[in-house]
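**Q** Following the hints, position chain B against chain A.
As given, the protein sequences belong to chains A and B, one line each in that order.
Mapping to the numbering used here: the first sequence position 134 is 134, numbers consecutive.
Mapping to the numbering used here: the second sequence position 63 is 63, numbers consecutive.
Hints listed in this document are in silico derivations from the structure and should not be mistaken for laboratory results.
By construction, the Cβ of each residue, glycine as well, lies at the ideal position given by its N, Cα and C atoms.
Hints may be right or wrong, so weigh each one.
Claimed, not checked - Beta-carbon label-pair distances, calculated as ranges:
#1 184/A x 90/B: 28 to 38 Å
#2 142/A x 116/B: 50 to 60 Å
#3 176/B x 9/A: 44 to 54 Å
#4 288/A x 58/B: 38 to 48 Å
#5 4/A x 89/B: 29 to 39 Å
#6 85/B x 199/A: 14 to 24 Å
#7 161/B x 196/A: 35 to 45 Å
#8 1/B x 160/A: 34 to 44 Å
#9 59/B x 196/A: 49 to 59 Å
#10 56/B x 24/A: 49 to 59 Å
#11 289/A x 132/B: 50 to 60 Å
#12 282/A x 55/B: 28 to 38 Å
#13 278/A x 254/B: 40 to 50 Å
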Amino acid sequence: MRTAANLGATLAAGAVAVYLPFTLDPGNLALYTLMGLSAIVAIGLSLLMGFAGQISLGQGAFYALGAYVVGILATPPDLFPKGRGLDPLLALGAAPLACALVGAVVGVPLLRLRGHYLAFATLALHLIMLALVFTWESWTGGQIGLIGIPPLEVAGHEITGERHAAVVWTIAVVTLLIALSLVASRAGRALRAIASSEASAAAAGINVASYKLRLFVLSAGLAGLAGGLYAYLLQYLSPDAFPLIVSITFVVMVAVGGMGSLYGAVLGAIAITWLQDRLQHLGTRQELLGFDLPVQAPQVFSIGVFGAILIVVMLFFPRGLLPGLQELGRRARRPAPASSS
Amino acid sequence: MREFIQLVVIGISTGSAFALVGIGMVLIHRTSGIVNFAQGVFAVLGGLLMVSFVDDMPTGLAGLISVLIVAVIGAAMGFIAVGIRGRTTPLASLIITLGLALVASSLELLKFGDRPHTYEAISEHAWNIQGVVVQPQYALVVGVTVAVALLLTLALRRTIVGHALVACADSARAAELVGLNVRTVAMIAFAVSAGLSALGGLLLTPVVPVNYDSDVAIAVNAFAAAAFGGLGSIGLALVGGLVLGISEQLVVGYIDPQYNLAIALVIMLVLIGWRSRHEVAT
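So that you can see chain A by itself, here it is in the shape it has in the complex (with noise of 0.2 Å):
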């Protein structure tokens, strides 16, 4: 009864959300279809954090790497030399395709291991992603970028505009869907034991190792599928959307949604996009309260707003800041808890 009042609320605001773009100002579009980007990255991330217990620095690598595969697989020859020119909805599905191969060739030492290893090899993946498109000029156009990449045709029907943004936030309520129903059904069980107890979960005859590197590879093709209609968004690529900020940014979604909480993720998504882009134009202010902010203003608020986050998240709500103040909540409501539990 509660999963179908769930899946029915769930079906509503996700109709509402591939609404939305067609009454937006034109202005706040690009902000929306960022939002359901990174929503898509964020439940894949959450996946991944909640249930395997490893972080991932570096699915801006596959978000960038994505949107590449579509930059060069899309674009015809006359406009970037090595472009393909292929059907731009087939170069959208080789996106993630080439992110999870890439995802299980690296995971597939590293999953094994205690979480920190993870952590660390994904970052040097940003980083080595970034060295690679600024030295294959050739196959990315470097720093000059990758100009006249097409935009995204399903059946002749050009997806511009307010109709991209409905088919990424499409995109990212059939990815919410499909996740929620992967946590409740006999894998997501699997899952949940690794999450509560490794040792546990491998004594009860679960392949811990096969079921993390599963998830990694999800989260990986996840970013990729987000980067390749990101491509789409920007028709324009280069390294400079894809700081390593970026990575970083989708571990603040996910520490403020709630590990392995996928609602949460989606609203993490919204919340963390949101606050970018304010970020984004308090830092190229004149002055703020009477100061003069410096020019490189922008970035010194969001990184130190987003580390600000995350110590703070980590440190008083473990598990998320939304479950955090959820349990609070619940606390409150009921004054005297009973001792025994």
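**A** Then chain B, alone, in the frame of chain A:
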């Protein structure tokens, strides 16, 4: 051949600096179980503070003051990173140190701006040994690193503080039973480790200029060096740093400077793949 030796010489010195930062990571991990992401920040802060002090006072004094300031900052970060007893997991501590690193970077950006900083090396006069140029600064980095590795190993074995650090690594509960305060011990480890990394950073700054965001690459390299010994051995971290430094310089010299970090990752992956057959997954 001459070019090869030249690259190896440079690699040994940069590798020593990685090792110094990596040894700091090992020290913190052994005493508190925390993998400190902010380790690169200590090196960057050491370099930046040195640059701002060096014009007003003797070089040695400027270095000493920079190291001490960073050690105090390190102790404060340690206090936060240990977190709340019984609630903060090692993974949460890692994310907290990531947050600390971000906050530190943003403050550095505010204070020092977005451009590389450097100061003059101890001597502009380089030795020329049969065509191979050896800068005195390189020799200084290597000498300090080896001395620190030896001293630290001795201190951990022979002094009371050293025993306390090792005891906390063995079992935090047992250490508390005999009256050690785990948080205090972790703060000492963070302070010493921060001082070492600051020393590595400020010694390398004359040859490799430092920027507010250099900390990430330093942290990745230092982690790869420390991972050589599974984050547990000072000696192996030193070896790891040297292997890493030399191979990166060879890549820079013969292939492409952009790929030097890729080497760190590949070495880390191969090594970890090899180790993971021995280490039980946890």
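**Q** Take the hints in turn and mark each one as holding or not.
**A** Now the hints, each set against the structure:
1. 184/A x 90/B: 28 to 38 Å: 29 Å, holds
2. 142/A x 116/B: 50 to 60 Å: For residue 116/B against residue 142/A, whose Cβ atoms are near 21 Å apart, the range 50 to 60 Å is violated.
3. 176/B x 9/A: 44 to 54 Å: 48 Å, holds
4. 288/A x 58/B: 38 to 48 Å: Given a distance of about 40 Å, which is inside 38 to 48 Å, the answer is holds.
5. 4/A x 89/B: 29 to 39 Å: Taking Cβ atoms as reference, residue 4/A and residue 89/B lie about 35 Å apart, which means the hint holds.
6. 85/B x 199/A: 14 to 24 Å: 23 Å, holds
7. 161/B x 196/A: 35 to 45 Å: 38 Å, holds
8. 1/B x 160/A: 34 to 44 Å: Violated, since residue 1/B and residue 160/A (Cβ atoms, about 59 Å apart) do not stay within the stated range.
9. 59/B x 196/A: 49 to 59 Å: Holds: the Cβ-Cβ distance is about 56 Å, inside 49 to 59 Å.
10. 56/B x 24/A: 49 to 59 Å: 56 Å, holds
11. 289/A x 132/B: 50 to 60 Å: 57 Å, holds
12. 282/A x 55/B: 28 to 38 Å: 35 Å, holds
13. 278/A x 254/B: 40 to 50 Å: 47 Å, holds
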